[in-house]
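Student: Sequence:
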Amino acid sequence: MSVNEEVFERVCGEIGPVLVRSLARRVGNRCDAEDLVQTVFVRVWAAGPEIDDDLELRKYMWRAAGNLVATVGKRRAREGWVVALGGEVIAGVADPGAGGFDERVAARIVVWEALGALPAREREAIDLRCLRGFTYAETAAVMGLATGTVKGYVSSAKQRLRARLAGTEQAGVAA
0 MSVNEEVFER VCGEIGPVLV RSLARRVGNR CDAEDLVQTV FVRVWAAGPE IDDDLELRKY
60 MWRAAGNLVA TVGKRRAREG WVVALGGEVI AGVADPGAGG FDERVAARIV VWEALGALPA
120 REREAIDLRC LRGFTYAETA AVMGLATGTV KGYVSSAKQR LRARLAGTEQ AGVAA
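So for the sequence shown, numbering that gives the first Met the number 0 puts the first residue at 0; every next one is plus one.
Check the hints yourself; a few may be wrong.
[What the hints assert, rightly or not] Distance ranges between label pairs, derived from CB positions:
id	residue 1	residue 2	range
1	Val-41	Ala-162	42 to 48 angstroms
2	Lys-58	Thr-148	39 to 45 angstroms
3	Ala-116	Arg-62	35 to 41 angstroms
4	Trp-44	Gln-158	16 to 22 angstroms
5	Ala-116	Val-6	49 to 55 angstroms
6	Gly-65	Gly-151	32 to 38 angstroms
7	Lys-150	Gly-72	16 to 22 angstroms
8	Arg-9	Ala-165	49 to 55 angstroms
9	Ser-1	Gly-72	26 to 32 angstroms
10	Thr-148	Asn-66	36 to 42 angstroms
I should point out that these hints are in silico values taken from the structure, not numbers from a laboratory. Glycine is no exception: its CB is placed at the ideal position from the N, C-alpha and C atoms.
Input sequences plus hints: build the corresponding full structure.
Tutor: Okay, structure coming up:
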């Protein structure tokens, strides 16, 4: 079996950007989403389904992407939870070997409370930009703001999170 090369190239070109945006929302950041989309393309090509119809190949790729995201999600759940904030990572929650179950749950609660304590616009900016993987321009468009304003919200939110989580660590809760 083999994939029709012409159909495969056409569908990859059309569906690639849409898959990246969709997976970025599901996995939390654009870089991971781009890697996953490339993995989907490689796996579909290697599987070699005999599909000559664009629509059927699209369905096959969406199904493969969904399955891959589910697998990655299960692996991440086993390995621990990470909240990416730009280049920084709140890693105390991510290390399953760091403390027991209760400590990890407490750390997750602290992180969610810190996010919840942010002003609404800062929280929205952090959610869209850092957790969902939108670009600053995309975040600005969604929020109806200028890109510079969004950058200010994200910067301020990161400072507040750092300060709040640093205070938590000093109080003895791993976050």
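Student: For every hint, state whether the structure bears it out.
Tutor: Hint check results:
no. : hint                                    : result
1   : Val-41 with Ala-162: 42 to 48 angstroms : 43 angstroms, holds
2   : Lys-58 with Thr-148: 39 to 45 angstroms : 40 angstroms, holds
3   : Ala-116 with Arg-62: 35 to 41 angstroms : 40 angstroms, holds
4   : Trp-44 with Gln-158: 16 to 22 angstroms : 45 angstroms, violated
5   : Ala-116 with Val-6: 49 to 55 angstroms  : 51 angstroms, holds
6   : Gly-65 with Gly-151: 32 to 38 angstroms : 36 angstroms, holds
7   : Lys-150 with Gly-72: 16 to 22 angstroms : 30 angstroms, violated
8   : Arg-9 with Ala-165: 49 to 55 angstroms  : 51 angstroms, holds
9   : Ser-1 with Gly-72: 26 to 32 angstroms   : 31 angstroms, holds
10  : Thr-148 with Asn-66: 36 to 42 angstroms : 39 angstroms, holds
Checked against the numbered hints above, the structure breaks hints 4, 7 and satisfies the rest.
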